[in-house]
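Same order as they appear, the protein sequences are chains A and B. Quick note on numbering: the first sequence equals residues 1 to 116 in our numbering. Quick note on numbering: the second sequence equals residues 1001 to 1113 in our numbering.
Since the hints were made in silico from the structure, they are not lab data. Predicted model, so just to flag it, every value in this text is computed and none were measured. Ideal Cβ placement from N, Cα and C applies to all residues, glycine included. It is possible that part of the hints are untrue.
Now the stretches of chain B that chain A is said to cover, found in silico as 3 or more residues with beta-carbon under 8 Å [what the hints assert, rightly or not]: (1) 1012-1025; (2) 1104-1110.
What follows is a set of in silico ranges between Cβ atoms, one per label pair, in the way DEER data are often shown [claimed, not checked]: (3) A/Q14 <-> B/P1030: 40 to 50 Å; (4) B/T1072 <-> A/T20: 32 to 42 Å; (5) B/A1110 <-> A/E54: 38 to 48 Å; (6) B/T1077 <-> A/T17: 40 to 50 Å.
Residues of chain B placed beyond 12 Å of chain A at every Cβ, according to the derived structure [stated by the list, open to error]: (7) Q1006; (8) N1061; (9) E1064; (10) T1072; (11) M1083.
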Amino acid sequence: SAVISQKPSRDICQRGTSLTIQCQVDSQVTMMFWYRQQPGQSLTLIATANQGSEATYESGFVIDKFPISRPNLTFSTLTVSNMSPEDSSIYLCSAVLGLAGAETQYFGPGTRLLVL
Amino acid sequence: AQSVTQLGSHVSVSEGALVLLRCNYSSSVPPYLFWYVQYPNQGLQLLLKYTSAATLVKGINGFEAEFKKSETSFHLTKPSAHMSDAAEYFCASTSGGYNKLIFGAGTRLAVHP
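Construct the entire structure; sequences and hints are all you get.
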């Protein structure tokens, strides 16, 4: 399985500020995803981040609020902009790895964000 | 629309007892189905996956799941629960391929002595 790391692992931020979360994969991948897990909830996909193209956002998520970068095949960032307490969540990145027909989506450890 | 339903937000079993976590899916095309586990303060770990091969799938830590098309189900089982199995379990689906995952609401498994 792949190793996916995220930085920071957790943070406490003031409302109105922005936080950029980094996701690093230990091998080259085409597809990366960003998810949000609100307290006590399941995971919701924010966007798909493919290298060489703009991120594709799911309904309810917009680029101005959650800008994403994907500069190469091993790295992506998610920024949570102009934060409010409602943005307090765990943010997880994932990547699809494996041979064709045996692909698997692996997750990073998550970034725990608390907005005051 | 594609969806995943997990019956029972909380399941409690005794150590050594059978674990059964229920998952039903709704998909217009044959799905790929997954079970992930999330231990406290950790990310998601893949337990097992169904990708249209064998309908009985064996995963890590003694877990297995059976794909039943007629029941649109993919329930997760383990014959004998261990204290270390206490965690949150998520069923997820894609509509073929490895695009975005649709997650169920999750089931929190408690194991008591």
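Beta-carbon spacing of B/T1072 to A/T20 - inside the hinted bounds 32 to 42 Å or not: 40 Å, holds
Given as non-interface: B/E1064, which should sit over 12 Å from chain A by C-beta: 17 Å, holds
If we take the beta carbon of B/Q1006, is the closest beta carbon in chain A still more than 12 Å away? 9 Å, violated
Is it correct that the beta-carbon of B/T1072 has no partner in chain A closer than or equal to 12 Å? 19 Å, holds
Given that the segment 1104-1110 of chain B was listed as covered by chain A, double-check it with a C-beta distance under 8 Å for 3 or more residues. holds (count 3)
A range of 40 to 50 Å was offered for this pair. Does it hold for the Cβ distance of B/T1077 and A/T17? Since B/T1077 and A/T17 have Cβ atoms about 46 Å apart, the given range 40 to 50 Å holds.
Would you say B/M1083 is clear of chain A, with no C-beta pair closer than or equal to 12 Å? Per Cβ check, B/M1083 is outside 12 Å of chain A; nearest 22 Å; holds.
Is 40 to 50 Å right for how far apart the beta carbons of A/Q14 and B/P1030 are? About 48 Å separates the Cβ atoms of A/Q14 and B/P1030, which means 40 to 50 Å holds.
Outcome for the supplied range 38 to 48 Å, where the beta carbon pair is B/A1110 and A/E54: 43 Å, holds
For B/N1061, is the shortest beta carbon distance to chain A beyond 12 Å? 14 Å, holds
For the segment 1012-1025 of chain B, do at least 3 residues have a Cβ located nearer than 8 Å to some Cβ of chain A? As far as the segment 1012-1025 of chain B goes, the hint is violated, because 0 residues have Cβ atoms under 8 Å from chain A.
The structure is inconsistent with the numbered hints 1, 7, although it conforms to all the rest.
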